[in-house]
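Sequence lines, in order, name chains B, A and L. Under this note's numbering, the first residue of the first sequence carries the number 7, and numbering increases by one thereafter. Under this note's numbering, the first residue of the second sequence carries the number 63, and numbering increases by one thereafter. Under this note's numbering, the first residue of the third sequence carries the number 4, and numbering increases by one thereafter.
These are computed hints drawn from the structure, not numbers from a lab. It is possible that part of the hints are untrue.
[What the hints assert, rightly or not] Not everything, but these chain L residues come out facing chain A in the computed CB check (under 8 Å): (1) Met161; (2) Leu172; (3) Pro174; (4) Leu251.
Bear in mind that the values here come from a model prediction, so they are computed numbers and not experimental data. All C-beta atoms, glycine included, are put in the ideal place defined by N, C-alpha and C.
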Amino acid sequence: MTGTLNLVGYGLSAIGPAIATGMIFAAYISGVARQPEARSVLQPIAFLGFALAEALALFGLVLAFVL
Amino acid sequence: MAMKDEGNALWSIFGYLLSGMLFWGGVGYGLDQWLNQGYFLLIGLLLGIGAAIYLVWLRFGRE
Amino acid sequence: MRSLFRLSGEGEGFVPPSSNDFELPPVFGDNAFTTKPILLVFLSVILVSVFFLLSSRKAAVVPSKLQFAGESIYSFVRNDLGRDIIGHEFMRFVPYLFTLFTFVLTNNIFGIVPFLQFPTMSRVSFPYVLAVFTFVVFHYVGIRKQGIVKYLKDIMFMPGVPKPVYILLTPIELATFFLVRPLTLSLRLFANMFAGHLLLLVFILGGEHLFQGVLGLKLISPFAFAFGIGLTFFEFMVQCLQAYIFTLLTALYIAGALADEH
């Protein structure tokens with residue numbers, strides 16, 4: 007069996023952003039559920055946090071292909 | 063609908079990040095090949111991520 | 004990038020399923036247009052047409068079971084995907100969304116129907132063609148609605164940014180709208196179907212191989228089969244979800260093209 011270790015590395019590096027995205031949206035959902043009027047305040051924060059976490063996941067993906 | 067905003071925003075954020083990285087990373091990769099250097103790819107990727115996050119902030123972050 | 008999992012043919016060890024399992028030979032003779040995926044696409048067209056013709060033929064105020072099934076699928080697409088997302092002009096797009104949803108759903112579910120058992124969308128050309136349709140539709144709608152200059156200007160120039168920054172942002176916006184959107188749309192569907200089918204193959208073929216082993220392995224093989232059956236139900240969920248997401252994203256793109264500022 008042949009292959010490249012890059013994919014294993016990408017799999018490992020995707021764990022962190024996955025957990026981060028889950029935590030961000032868990033907090034967002036429970037915040038909106040407790041206080042629906044806080045939604046417009048929470049939404050940009052949640053999206054920016056999602057963008058930052060997702061950027062790291064995509065960075066790993068791209069580096070797994072180009073390195 | 064409530065769900066519509068979130069769903070739309072999440073897919074767009076993903077698309078922006080991916081295309082930012084692909085475009086500017088691709089430019090960096092091309093410069094690397096052209097000038098025989100090794101660091102333009104990294105610069106391009108970081109620039110792409112930065113620009114894409116800025117774009118996400120412009121579209122979804124400022125209210 | 005070399006191929007990810009090269010199979011070693013030596014020995015009589017277990018040959019894990021790979022992407023080679025997706026390249027099926029022609030069914031009738033040498034005609035390359037009669038492979039299994041193509042026949043399945045034709046079958047899905049026939050199935051969908053016959054089902055909805057039958058269910059809508061004798062439309063009554065008190066619906067029969069068949070009519071109820073057809074109408075609930077239609078009203079799901081019309082209300083949840085069309086009206087709630089596209090807004091007041093949604094009726095123009097309902098036929099396209101409905102065709103897309105039923106077509107993709109039927110072709111996905113072929114992956115777990117006994118004896119057919121091949122999700123058509125795990126050959127990447129089919130999702131590509133569907134994504135090209137969506138691409139043409141949403142750009143055409145946007146250009147018709149706003150005029151080509153205003154449409155492109157809305158895409159390329161985000162308001163409220165100092166001018167030099169546009170050098171950085173405009174290529175990203177263009178790449179998102181013209182490249183990444185159709186690409187991710189098709190690849191998401193393809194990758195889900197491909198991975199799901201591969202997963203089922205691993206468990207069923209692996210269980211079969213374990214069953215041919217020594218006694219200890221024979222005892223394990225029922226667990227592999229049971230897990231395969233459990234995963235079949237999981238796959239059913241994924242297949243419905245992917246058909247929904249494909250249609251949902253099409254509706255979102257159309258809605259974005261119709262809106263004045265995206």
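Hint check: is the beta carbon of Met161 of chain L less than 8 Å from a beta carbon of chain A? Hint holds; Met161 of chain L Cβ to chain A Cβ min 5 Å, cut 8 Å.
Satisfaction of the Leu172 of chain L interface hint, Cβ to chain A closer than 8 Å: holds (6 Å)
Would the stated hint for Pro174 of chain L survive a check requiring a Cβ distance to chain A of less than 8 Å? holds (5 Å)
Hint status (Cβ of Leu251 of chain L to nearest Cβ of chain A, threshold 8 Å): Cβ of Leu251 of chain L sits 7 Å from chain A, so the hint holds.
In summary, this structure violates none of the numbered hints.
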